[in-house]
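These protein sequences, in sequence, are chains Y and R. Each residue of the first sequence is one higher than the one before, starting from 2 at the first, in our numbering. Each residue of the second sequence is one higher than the one before, starting from 310 at the first, in our numbering.
None of these hints come from the bench; they were simulated from the model. No residue lacks a Cβ here, since even glycine has one placed at the ideal position from N, Cα and C. Hints may be right or wrong, so weigh each one.
From the structure, some residues in chain Y lie toward chain R, with a derived Cβ separation under 7 Å [what the hints assert, rightly or not]: (1) Arg57; (2) Asp60; (3) Ser61; (4) Pro88; (5) Ala89.
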Amino acid sequence: MVTPKLSADGKTLTCRVRGDLTSTRSEACAAQISAIVRNYSRGRWKTLSLDLNSARMIDSAGLNVILGAVNLMEEQGRSVKVLVSSPAVQRALHLTRIDRKVEIVMRTRRPKRAMKS
Amino acid sequence: MTHNGSRQAVLVVDDDEYARSYFCSSLKLMQYKVVTAACIDEARRIVDREGVERFACVLTDFRMPYRAGLLFLSWIRRKDANLATILVTAEGEKDLVTASLREGVIDYLEKPIHHSALEDAVRRAVEHTRAEREREASHRGLREALRSTRLFREVLAPQMQSRLEMRHFPAHEVGGDFCSVSTLSPGRNLVLLGDVSGHDVKAAFISAYFQGMMRGLLECRNAIGEMVGRFNRILCEEWNRVADPSRITIPVSLAVCVCELDFEQEALKILCCGGPGVSLIGRDGGVRVIHTAHPPLGWYADERFEPARIPFEGITDLLLHTDGVEALAAEQKVLKNAVIHRFLSTRESELTEIEQHPPDDLLIMRIKVDTEVATDDQWHPIINEQYSGDEVRDIDKAQNIWRRSLRYAIEAELGDRLYDVLTCIREAMLNAFVHGCGEESDRLCSLQVNYHPGDRTLRIRVDDSGPGHKFDPKKRLKELDGSQGNRLGLSLIQAMSDRCRIENEGTSITFEFKLQ
Numbered sequence: 002m003v004t005p006k007l008s009a010d011g012k013t014l015t016c017r018v019r020g021d022l023t024s025t026r027s028e029a030c031a032a033q034i035s036a037i038v039r040n041y042s043r044g045r046w047k048t049l050s051l052d053l054n055s056a057r058m059i060d061s062a063g064l065n066v067i068l069g070a071v072n073l074m075e076e077q078g079r080s081v082k083v084l085v086s087s088p089a090v091q092r093a094l095h096l097t098r099i100d101r102k103v104e105i106v107m108r109t110r111r112p113k114r115a116m117k118s
Numbered sequence: 310m311t312h313n314g315s316r317q318a319v320l321v322v323d324d325d326e327y328a329r330s331y332f333c334s335s336l337k338l339m340q341y342k343v344v345t346a347a348c349i350d351e352a353r354r355i356v357d358r359e360g361v362e363r364f365a366c367v368l369t370d371f372r373m374p375y376r377a378g379l380l381f382l383s384w385i386r387r388k389d390a391n392l393a394t395i396l397v398t399a400e401g402e403k404d405l406v407t408a409s410l411r412e413g414v415i416d417y418l419e420k421p422i423h424h425s426a427l428e429d430a431v432r433r434a435v436e437h438t439r440a441e442r443e444r445e446a447s448h449r450g451l452r453e454a455l456r457s458t459r460l461f462r463e464v465l466a467p468q469m470q471s472r473l474e475m476r477h478f479p480a481h482e483v484g485g486d487f488c489s490v491s492t493l494s495p496g497r498n499l500v501l502l503g504d505v506s507g508h509d510v511k512a513a514f515i516s517a518y519f520q521g522m523m524r525g526l527l528e529c530r531n532a533i534g535e536m537v538g539r540f541n542r543i544l545c546e547e548w549n550r551v552a553d554p555s556r557i558t559i560p561v562s563l564a565v566c567v568c569e570l571d572f573e574q575e576a577l578k579i580l581c582c583g584g585p586g587v588s589l590i591g592r593d594g595g596v597r598v599i600h601t602a603h604p605p606l607g608w609y610a611d612e613r614f615e616p617a618r619i620p621f622e623g624i625t626d627l628l629l630h631t632d633g634v635e636a637l638a639a640e641q642k643v644l645k646n647a648v649i650h651r652f653l654s655t656r657e658s659e660l661t662e663i664e665q666h667p668p669d670d671l672l673i674m675r676i677k678v679d680t681e682v683a684t685d686d687q688w689h690p691i692i693n694e695q696y697s698g699d700e701v702r703d704i705d706k707a708q709n710i711w712r713r714s715l716r717y718a719i720e721a722e723l724g725d726r727l728y729d730v731l732t733c734i735r736e737a738m739l740n741a742f743v744h745g746c747g748e749e750s751d752r753l754c755s756l757q758v759n760y761h762p763g764d765r766t767l768r769i770r771v772d773d774s775g776p777g778h779k780f781d782p783k784k785r786l787k788e789l790d791g792s793q794g795n796r797l798g799l800s801l802i803q804a805m806s807d808r809c810r811i812e813n814e815g816t817s818i819t820f821e822f823k824l825q
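Whole structure, please, built from the sequences with the hints as guidance.
In structure tokens:
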């Protein structure tokens, strides 16, 4: 469900979450992110990047996972960045003011190319 | 020429007197009626005079004077292609068989002919003619039934035309779903919607018989329950009685919904037997399903039928449908109200191939009760479901069905708000499952999603059977400072929707989305 990747410069640890971040997956997702953070705890990375680009939606349990990650990173003196591409996820982060606590990077979906005749 | 009796006979054509005599006496021994002719001209005259249908088999010699036996076969085939013929040939004329088969000959006999060979050949030929004629009659009956079915489908009372919207996609030519709308007296209308088992002439006949009988008897002010009960007894005691104690007789059954709308008295009578119930749509899009829970007609002769009596008050529309809607909904993995909405709001030409040719007959009817409320200016149900508290485990599956149903019914209108809507439905349902029902299997919550085409607004209502709460989601949202906590879901609904209302001490939440 969650796969890690350390950036080439070693400054950003990315956790790519596959699928929607909702109540039925939130606990497992939080556990996997925690394990990844522990595995990379000795690294000099400064930012935890939560890649939610494949999520179409996030519910309150999913938002709590992000808030939990923010709290953990604050304790470690690190920051959180969230990558999103779904307008519904972006709106949820904005309306719950989570965007004040973390940097949100919105990936705009490219419009589909017209078929060449 | 000899002529025995008036039953179907075997026509023997042979110029050899001894041969004719042999065939005649042999066939009489086999209990057949026999008509003989010495030449094909005589045979033609006999057939023209007596009628081809009088004969069950023709036995003709190939070698006869003036005209060949094959010419006669060709002539008789034009008269009745179902009449089986046997060609009698001399020894060594087997090559004729190929040519004679083209003329419909089903067998040949080579002289000298043994009695048992003659018996076998004639028995097969007579049976062949009987089966072919029966098949032909059945097809002719189907064509006639189809014509009558089409006529019935168009029987709609003129007074009801402006109140009716109907979509009918029959999967078969006859039988299956049917409907009729008629005026019993000024201001009093009868709506029949049914589904007869089978798609043959018998099924078509039963549906026509039922419609005619109900209309006639109700015009004479007979009571609905009594009339339906009478037809049920006819089906059980006459049509479905066991004809052969050694074989299972598949009973004919009829699922029907009978609705009497009395616009003078502003009241409805509804009787449902075997099929889906009737949905009463309220001004707010609320759905009340009336199901009188009777079995299909033709099952139990002693069943007593009692219609539900309902005043018009608060009802804008009636929705009726047959079980083909459920079949299509299951195939499309959506909920049935989404199917009904899509069919009633989409032009027939814009429906997909599978929708225009559904797996089962599909019949949907909307009857406007309150004509002051325009169709575009009212709420239409898209989802109307009830869940038990323990279904929280399957919320992902449920959400998948909500997503598919919303897209199926109103995809164009949703724009990019589908997942906003789904997020809020999920939150409201989680709240109902966990806090309202305590995840218990014996406690229920409901989800209702309605769409208002005029306002382009989607309204969602979730009710649960719990104790409620005094929680203020607006305040909770203001207090949110980035810490985790409970009740974030309700705050999310408040924030993401365009309007949100919590009622009944927290056991009901209603929220709306303005769509593009």
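We went through each hint and held it up to the structure:
no. : hint  : result
1   : Arg57 : 5 Å, holds
2   : Asp60 : 5 Å, holds
3   : Ser61 : 4 Å, holds
4   : Pro88 : 5 Å, holds
5   : Ala89 : 3 Å, holds
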